[in-house]
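If you read the protein sequences in the order shown, they are chains F and C. Mapping to numbering that gives the first Met the number 0: the first sequence position 13 is 12, numbers consecutive. Mapping to numbering that gives the first Met the number 0: the second sequence position 51 is 50, numbers consecutive.
It should be emphasised that the hints constitute simulated quantities derived from the structure, not laboratory data. The reader is advised that the hints may include incorrect statements.
[Claimed, not checked] Calculated pairs, SDA-like style, for lysine to any residue (alpha carbon to alpha carbon, straight line, at most 25 Å):
#	chain 1	residue 1	chain 2	residue 2
1	F	34	C	113
2	F	34	C	226
3	C	261	F	71
4	C	226	F	78
5	C	150	C	127
6	C	66	C	41
7	F	34	C	358
8	C	127	F	76
9	C	261	F	18
10	F	19	C	113
11	F	34	C	116
12	F	34	F	4
13	C	362	F	71
14	F	76	C	189
Being a predicted model, the structure only gives us computed values, none of them experimental.
So the chains spell out like this:
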Amino acid sequence: MTNEELLKEMETAFETQGEKGLEAYVIEHFAELPKAVQGKALMSFAQDALDTEAGEAAIGEIQEQGMQALEILQHFKNEVSQAGATQA
Amino acid sequence: MGMENMYRMRAAHKEMQEEEKTAHPVTEEAMELGEYDRTLAEILGDRDEQDKFLNKFLWAKDPDKAKDIVDSLAENTVLSPEQDKFLEQARVEFNLRSAEIEQVQEMLPAELVHLKDIDPRIAQVIGKVGPDEAAEVLGAEFADLALSDPKVFKKMVGQMRHLREIRTSKEAAQREEDLTHMLAEFGIKEEDYWNATRSSAGMTSGVTGETRDQLGKLVFDNYGWFKKTLDVISSGHFSANATRDLVANFEDQQRLLAECDKHMKVVGKVLQGTLTPEVRLMFQKAMTEGGLVKDKKVENNVKTIQDYRQVKNAFEPADMQKRWEEYKRAELKRRNITDITKQPVAAENIKNSFAQKELDQQKGFRAGGILAALIALLFGTKDDIKNTLKF
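Isolated chain F (complex conformation) (with noise of 0.2 Å):
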């Protein structure tokens, strides 16, 4: 298949069943793309996999930090209410 026969039947996956027919589409023919054009997709799958990994890991340093600020409050609560019971 040529370029511009390529070029034909991408845009035809994009116009009739969008973003995703064309993904579907680059998939299925990848080994038939140009290089650059298999790096542009792989790049741009390589991204979305970064980004998805990256946020995950945001949510998991949250989690970890809060776990961590909840132990040293708690046992700072857990301090003053000594604290004040040795007082009294």
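For chain F, the structure is supplied; the task is to place chain C on it using the hints.
Structure of chain C alone, referenced to chain F:
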């Protein structure tokens, strides 16, 4: 401080900077330039490297200066001291970037094995062409990105670096189990808080754009308070050793307990939010756009079929040929060339500058995701453009 010490410090600082400059982009370990420690003559003596250095790296750095330098080199005219300085600085950066590219490329096979579990499309592509070819394709794209769009390259490498550290930490499932347990143990039940926006808007079935905006604002505010609470805690304000001095009487005790409860509620809300799917997504956005990952995503301007049609119209091959004819005429006049067939170097240079100008224009149209592949096929490569140019 004596002068000798100052000089010693300055030398040490310089050494540190040098080390920092040659750190592996992902692992941050010391990195040798090795075969990439090249002189300008060595770079320019290799056709492929010359193309990367002059036509990609220099152009991305400063297109105007690059054009003047490329012209001077092609015409064998002497470079100005300022151009010399720019070129030398670019040479050092280019060598470093080339070494970085190689290091990142070496990591890609393993990185792809990991990423295919996150994104099934990557697994499908690997299924089509095999892991080695997939890594090679991605490696070539990374190399191109590193030279022509260093900002995006640095962002992705930064993510890889950060994720490398994170991947070795506690598994997400285990952490969330611990978190659920802790929230229950501390009696923190903030689920209703996150539903409040939806309920107050009288919308109980699904999240609309309006409620999403309100929820988003709430997430952003809560994240801000959460950060402030962490700052207070890390300042030592809640150090257990200080309690005896702080608790002088019953009122102090009650005040401190109330303060703790207030902070626990702030933290609890955020933690509970990270366990609530819609809210979790918004926290990711708040974190990636305003916290952990500093770079904002570059806004794409080709998103719809209509956008694509506009781009296609703007880059009709016939229109490009018209631009080429005008450019060619102007360049031949500017260079005072009457017979271009006798000056193949100048001919190549003119074609190259024009193709680069077209590429620069194309860069104004940014498509994300799979549309980037469609745009790439529409635009073609620099060589594709050059192949259509005739004198």
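Structure-based check of all given hints:
no.	hint	in the structure
1	F/34 <-> C/113	holds, 23 Å
2	F/34 <-> C/226	violated, 45 Å
3	C/261 <-> F/71	holds, 14 Å
4	C/226 <-> F/78	holds, 24 Å
5	C/150 <-> C/127	violated, 30 Å
6	C/66 <-> C/41	holds, 21 Å
7	F/34 <-> C/358	holds, 18 Å
8	C/127 <-> F/76	violated, 59 Å
9	C/261 <-> F/18	violated, 47 Å
10	F/19 <-> C/113	holds, 23 Å
11	F/34 <-> C/116	holds, 24 Å
12	F/34 <-> F/4	holds, 16 Å
13	C/362 <-> F/71	violated, 51 Å
14	F/76 <-> C/189	holds, 20 Å
Hint compliance for this structure: hints 2, 5, 8, 9 and 13 are broken, all remaining hints hold.
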